[in-house]
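Heads up: the sequence lines are chains A and B, in that order. To get the working numbering, take the position in the first sequence, counting from 1, and add 1. To get the working numbering, take the position in the second sequence, counting from 1, and add 508.
It should be emphasised that the hints constitute simulated quantities derived from the structure, not laboratory data. Any given hint might turn out to be false.
Said to hold, decoys possible - Think about it this way: if two alpha-carbon atoms lie no more than 20 Å apart in a straight line, the pair counts; the simulated SDA-like pairs of lysine to any residue are: (1) A:K84 x B:K541; (2) A:K77 x B:D611; (3) A:K80 x A:S15; (4) A:K77 x B:E551; (5) A:K77 x B:K554; (6) A:K80 x B:A615; (7) A:K80 x B:D614; (8) A:K77 x A:S13; (9) B:K554 x B:D611; (10) A:K68 x B:G627; (11) A:K90 x B:E545; (12) A:K68 x A:R9; (13) B:K593 x A:S96; (14) B:K647 x B:T570; (15) A:K68 x A:G30; (16) A:K84 x A:E100; (17) A:K77 x A:G30; (18) B:K593 x B:S564; (19) A:K68 x B:N577; (20) B:K642 x B:D611; (21) A:K68 x A:K90; (22) A:K55 x B:E617; (23) A:K68 x B:A579; (24) A:K77 x B:N577; (25) A:K77 x B:S621; (26) B:K541 x A:A12; (27) A:K93 x B:K593; (28) A:K84 x A:S13; (29) A:K55 x A:I8; (30) B:K593 x A:T51; (31) B:K593 x A:D47; (32) A:K55 x A:A12; (33) B:K601 x A:K80; (34) B:K541 x A:G94; (35) B:K648 x B:E563; (36) A:K77 x B:D614; (37) A:K93 x A:I40; (38) A:K77 x B:T588; (39) B:K648 x B:A615; (40) A:K93 x B:K541.
Note that the structure is a prediction, hence the values are computed from the model and not measured.
Single-letter residue listing:
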Amino acid sequence: MADPMRIRAQASGSSAVVRVLMSHEMESGQRKDAAGKTIPAWHITDVTATHNGKTVMTAEWGPAVSKNPFLQFTIKGAKAGDKIGISWKDNKGDSRTDEAVVS
Amino acid sequence: MQTRREILRHSAAVAGLLAATGLFPRHAFAYTKAAFEAHTLAEVMKALGSNAPAESKDVSLTAPDIAENGAVVPFALSTTLPNVKSMLILVEKNPSILVAKFDVSDAIEANFSTRAKMGQSSDVYAVAITADGKAYFAKKEVKVTLGGCGG
Chain A
2 MADPMRIRAQ ASGSSAVVRV LMSHEMESGQ RKDAAGKTIP AWHITDVTAT HNGKTVMTAE
62 WGPAVSKNPF LQFTIKGAKA GDKIGISWKD NKGDSRTDEA VVS
Chain B
509 MQTRREILRH SAAVAGLLAA TGLFPRHAFA YTKAAFEAHT LAEVMKALGS NAPAESKDVS
569 LTAPDIAENG AVVPFALSTT LPNVKSMLIL VEKNPSILVA KFDVSDAIEA NFSTRAKMGQ
629 SSDVYAVAIT ADGKAYFAKK EVKVTLGGCG G
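Generate coordinates for the entire structure from the input sequences, incorporating the hints supplied.
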């Protein structure tokens, strides 16, 4: 299981800005190891965000997203105390879900 | 004895069989694989079933002029267009042009920030696709002093 994500959700006016820092290697599949063999791609493919249990955003990522990916987006109508859930899935079938509360 | 060519042909055949039976792990996902393997903007748009994009002032892309480290280039993309279905980030000279695709719902603003890898200096595109399949883009050239794809 991968390390937990760091999620910060901050209400400002009628919406909330969500910042997520995931912990993932995001291997591009372009690099070679010391023996000259290509290191296979290993990256997050699907990201889902929920607001009080309802899916508000999905994203699909390729290997070109940076290592330990950062994501910021804005949820309309979210207020302090609301629950934000983020989950990701990678191309090796690993996944992780974390939750945060809007402050 | 098998020649190198024969071995290659056999492994290609096996790979084909695996793909056909859905044993390749990637095929298990609802993943727009074709779009992520495309090499040109036109191919990506075709894989996603959209028209060729038109340049638009309503789409904005924020990126550095010069990225010192190609492994982490910050991008922010947003649009003021109504009925946007999804937004894409593309780096033209990366091995695969599509970096990320975000699906926009009514509950969120069409405004995302993330960080991506860039192999070399290239044009970067932010594309917004509306619900009726029309696409609009903004582009910006980003110079990279140190590539982020390794090798």
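Do the hints match the structure? See the list:
no., hint, verdict
1, A:K84 x B:K541, "violated (32 Å)"
2, A:K77 x B:D611, "holds (15 Å)"
3, A:K80 x A:S15, "holds (7 Å)"
4, A:K77 x B:E551, "violated (33 Å)"
5, A:K77 x B:K554, "violated (31 Å)"
6, A:K80 x B:A615, "holds (13 Å)"
7, A:K80 x B:D614, "holds (16 Å)"
8, A:K77 x A:S13, "holds (10 Å)"
9, B:K554 x B:D611, "holds (17 Å)"
10, A:K68 x B:G627, "holds (14 Å)"
11, A:K90 x B:E545, "holds (19 Å)"
12, A:K68 x A:R9, "holds (19 Å)"
13, B:K593 x A:S96, "violated (25 Å)"
14, B:K647 x B:T570, "holds (9 Å)"
15, A:K68 x A:G30, "holds (13 Å)"
16, A:K84 x A:E100, "holds (7 Å)"
17, A:K77 x A:G30, "violated (36 Å)"
18, B:K593 x B:S564, "holds (16 Å)"
19, A:K68 x B:N577, "holds (12 Å)"
20, B:K642 x B:D611, "holds (15 Å)"
21, A:K68 x A:K90, "holds (15 Å)"
22, A:K55 x B:E617, "holds (16 Å)"
23, A:K68 x B:A579, "holds (8 Å)"
24, A:K77 x B:N577, "violated (33 Å)"
25, A:K77 x B:S621, "holds (16 Å)"
26, B:K541 x A:A12, "violated (35 Å)"
27, A:K93 x B:K593, "violated (28 Å)"
28, A:K84 x A:S13, "holds (15 Å)"
29, A:K55 x A:I8, "holds (17 Å)"
30, B:K593 x A:T51, "holds (17 Å)"
31, B:K593 x A:D47, "holds (17 Å)"
32, A:K55 x A:A12, "holds (18 Å)"
33, B:K601 x A:K80, "violated (41 Å)"
34, B:K541 x A:G94, "holds (16 Å)"
35, B:K648 x B:E563, "holds (12 Å)"
36, A:K77 x B:D614, "holds (8 Å)"
37, A:K93 x A:I40, "holds (14 Å)"
38, A:K77 x B:T588, "holds (14 Å)"
39, B:K648 x B:A615, "violated (28 Å)"
40, A:K93 x B:K541, "holds (15 Å)"
When the structure is compared with the earlier hints, violations turn up for hints 1, 4, 5, 13, 17, 24, 26, 27, 33 and 39 and for no others.
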